[in-house]
Amino acid sequence: MELLLPLTVVIPLAAAFIIPVASLLGAKRGWPIGEIVALLAATALLIVSFATFASDIPITTWIGEYKAGSELLGLTGRPVPAQVAGEGGAALPGGVVVDQVVPNTAGDVAGIQPGDAITGWKVAEEGESRAFQPLGTMNELRRANAMLEPGTRVLLRVQRDGQTLEIGIRGGKSVVGIAMVCDGLTRLLLLVIAVVSFAAILFSLSYMRTYTQVHLYYSPLMLLIAGMCGIVVSGDLFNIYVFLEVAAVASFALVGFGVESEELEASFKYLVLSAVASGFILLGIGIVYNLRGTLNLAQIAEFTQFAERNDAMWLAMAFFLAGFGLKAAMVPFHAWLPDAHPSAPAPVSAMLSGVLIKASGVYVLARLVFNVMGASTAVAYTLMTMGMLSMVVGVFLAVGQWDFKRLLAYHSISQMGYVVLALGVGVEVLARQREMTVQWQSVAFLAIFGGLFHLANHAAFKSLLFLSSGSVVHRTGTRNLKELGGLRGRMPWTSLFARIGSLSISGVPPFNGFFSKLLIVIAVVWAGHWVLGALTVLVSFMTLLSFTKVQRYLIEGDLPVRLHNVRESPAPMLLAMGVLAVLCLGLGLLLPLYGGVLLKPATNHLMQLAGYAKSVLGG
Amino acid sequence: MIHTVLPFVLCVVLFIIGLYAIAVKKNLIKVIIGIIVMHNAVNMFLVLIGFRPPASGPVIAPIMTPEMGHRDEAVRALLSHSVDPVPQALVLTSIVIGLSVVALMVVMALRLHQKYGTFDLTQITRLKG
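Respectively, the protein sequence lines represent chains P and V.
Numbers 1 to 619, taken from the working numbering, label the letters of the first sequence in order.
Numbers 1 to 129, taken from the working numbering, label the letters of the second sequence in order.
In isolation and in its complexed conformation, chain P is listed as follows (with noise of 0.2 Å):
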């Protein structure tokens, strides 16, 4: 069972190496393995992840594990430079000064305090003989730490108060190692992908064949996936940004696969603004791991839970933050995402504006937000400010559009503001309630609740509104919704499902969108925003303005000349998108039936904020 997490990331990777050879094999004698390979691997990657809810596995698989006996973590420290008896006090030949001590650490234990001053450090068991190491900074004594024979005692020469003490230390575990972590959160995600994956993957097997090269196609597909598994399943910052890396790399080739000029400029574009994003996320981890001597999310969150936030740390958040945000395409730094979301062939927008902006983006950001970085009324306010400028730019951008595809991307920044602003209220009520009522608890709970909850409806309305925009265009050949009208007539399917969608993001009931917004409007007028509540219920309100047009001239309307003969798209399109319009009836009435599965432990998760140290590391 412990191999169930790791092969969320090695189905869709194998299946990625063996397609182009594959496909290859096959294109001898026509057969198509290449697609074959990709939807049996879809469809493992969706047994898995039910497979994730069903059995029993521990929260962390560790990978390469090695547990070193001495742990000397549990200690923050800064340098300081060697100072001269004199008007400071004593001489204190270097070392380091003690920031922060966690409790029921070995640093703890020992006896240490913040405001020590470690000069130096030597293994207990070499006697006298042997002098004290010299100490520069606190990452040495980790590594030390982590080198040494299990059980090793060390010596540590500290000055306190004028005096020279001499500290054994021997303590607890010490993990080295990969982790992969497995909470609600990472299980409402992994779902998530592997349902949209596989969808628009059924969709590419009719979709795909008007392209040239299709064997190219599904590798790319198949690593975006195993990038966004591996970005959620990883519990370690740098894992995050490697997988964060190459989702991104697959979905440069995808977005730029049909390789016309608007496909490569959109795609340069997206190559452009993702680098630089890439850029700030590295160098937040660089001053993360120099601050905490770990890259790894549980043990940063262990020290936030006691630390002062440093002037560091909030410049690394910022990073972040802009990071984090160009993934998402959050206001202000949205301007890729409308011209690479609609660039991509139709599966892959799905794939695109369904999950990949949530994976990498969202996801990413939450789980940094209140689980690593514990929440503060600043975040909070930065993401309430992203989610809310998102919301209303995404929106009136979107109205004015007549590319169907477009309006699409505009209205996923858009509705990614809902999510974030959630979020955001969740943090803000979690940072501002020293001691947190039950009243305040729920409210909390229900924005966050509504964030998740909605995340997952966008998914799955988003991702069938741009499958039957590809239905459309794979019919009539053209994505304008001036030229484009009464195809009820023609493509009843398509329209049906084109209108369950609109009527699912416009939160018309009983469509899923009502539910998560009206529970998002509750819980930010409850919070005590009145304003940022008039204005959810204001974009929703122009939202569904917006989507009546596409209905009144895609699917209402006169017929035009130039369409009297199109067909309905072919079955394996039709099956796909009618998946996840089910999804998005189910998903709003059967809330009750599920959501104690799959939403409540994701918000529990958040809820506990620096709280996942303890339920990832053990005791």
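Careful, some of the hints might be misleading.
What the hints assert, rightly or not - Here are the simulated lysine to aspartate or glutamate pairs, DMTMM-like style, with alpha carbons at most 25 Å apart:
no., chain 1, residue 1, chain 2, residue 2
1, V, K26, P, E262
2, V, K25, P, D99
3, P, K482, P, D403
4, V, K30, P, E260
5, V, K26, V, D120
6, P, K600, P, E568
7, V, K30, P, D56
8, V, K26, P, E556
9, V, K25, P, E2
10, V, K115, P, E2
11, P, K549, P, E568
12, P, K600, P, E2
13, V, K115, P, E262
14, V, K115, P, D403
15, P, K482, P, E568
16, P, K549, P, D311
17, V, K30, V, D120
18, V, K25, V, D120
19, P, K600, P, E260
As the list claims (entries may be wrong) - Estimated spans, in silico, between C-beta atoms of each pair:
no., chain 1, residue 1, chain 2, residue 2, range
20, V, F51, P, A27, 24 to 34 Å
21, P, G30, V, G117, 34 to 44 Å
22, P, V21, V, V96, 30 to 40 Å
23, V, V9, P, G595, 51 to 61 Å
24, P, A27, V, V24, 43 to 53 Å
25, V, V24, P, V561, 43 to 53 Å
26, P, L315, V, F51, 39 to 49 Å
27, V, A89, P, L315, 15 to 25 Å
Quick caveat, the hints were computed from the structure, so don't treat them as lab data.
Being a predicted model, the structure only gives us computed values, none of them experimental.
Where is the CB? At the ideal position from N, CA and C, for every residue including glycine.
Starting from the known structure of chain P, arrange chain V on it as the hints suggest.
Just chain V now, with coordinates in the frame of chain P:
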């Protein structure tokens, strides 16, 4: 003091130069160069994080390992003299990622040149953005 701060200043300067090139320059190739400069500034920052003065490489020679006494000696030498190996591993990975991104970017730029006949970003504006 000054010689420990200066490399970080250089990092910041390079990062800003890169960002400037990306934001202001109109030539595709110059934008790509800006991205390379920016990524290298970040890579340098990572290397600097792990640096400390005696600065030997973080490698234990395998010839030392059979005898425990020698191994302990080697570990101790490593701990007191070597730089931090983790950022170096990060930098290696990040360089490889940067390489693939830049390669893809150059290919895109060449294809764009085939389509538009220019590297000038002000003329590559078929999308409304």
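Verification of the hints:
1. V/K26 - P/E262: 18 Å, holds
2. V/K25 - P/D99: 45 Å, violated
3. P/K482 - P/D403: Between P/K482 and P/D403 the Cα gap is close to 9 Å, so the pair holds against 25 Å.
4. V/K30 - P/E260: Holds: V/K30 and P/E260 sit about 23 Å apart, inside 25 Å.
5. V/K26 - V/D120: Since the Cα atoms of V/K26 and V/D120 sit roughly 6 Å apart, the hinted pair holds (cutoff 25 Å).
6. P/K600 - P/E568: Violated: P/K600 and P/E568 sit about 40 Å apart, past 25 Å.
7. V/K30 - P/D56: Violated. V/K30 to P/D56 sits at ~53 Å, over the 25 Å cutoff.
8. V/K26 - P/E556: Outside the cut-off at roughly 44 Å; violated.
9. V/K25 - P/E2: Distance of about 50 Å is beyond 25 Å: violated.
10. V/K115 - P/E2: 50 Å, violated
11. P/K549 - P/E568: 22 Å, holds
12. P/K600 - P/E2: 23 Å, holds
13. V/K115 - P/E262: Between V/K115 and P/E262 the Cα gap is close to 10 Å, so the pair holds against 25 Å.
14. V/K115 - P/D403: Holds, at roughly 23 Å.
15. P/K482 - P/E568: 20 Å, holds
16. P/K549 - P/D311: Distance of about 49 Å is beyond 25 Å: violated.
17. V/K30 - V/D120: 10 Å, holds
18. V/K25 - V/D120: 9 Å, holds
19. P/K600 - P/E260: 45 Å, violated
20. V/F51 - P/A27: 24 to 34 Å: Hint violated: Cβ distance 52 Å, outside 24 to 34 Å.
21. P/G30 - V/G117: 34 to 44 Å: Check passed, 39 Å falls within 34 to 44 Å.
22. P/V21 - V/V96: 30 to 40 Å: Violated: the Cβ-Cβ distance is about 23 Å, outside 30 to 40 Å.
23. V/V9 - P/G595: 51 to 61 Å: Since the Cβ atoms of V/V9 and P/G595 sit about 53 Å apart, the hinted range of 51 to 61 Å holds.
24. P/A27 - V/V24: 43 to 53 Å: Between P/A27 and V/V24, where Cβ atoms are some 47 Å apart, the hint holds.
25. V/V24 - P/V561: 43 to 53 Å: 49 Å, holds
26. P/L315 - V/F51: 39 to 49 Å: Between P/L315 and V/F51, where Cβ atoms are some 20 Å apart, the hint is violated.
27. V/A89 - P/L315: 15 to 25 Å: 23 Å, holds
Violated hints for the displayed structure, listed by number in ascending order: 2, 6, 7, 8, 9, 10, 16, 19, 20, 22 and 26.
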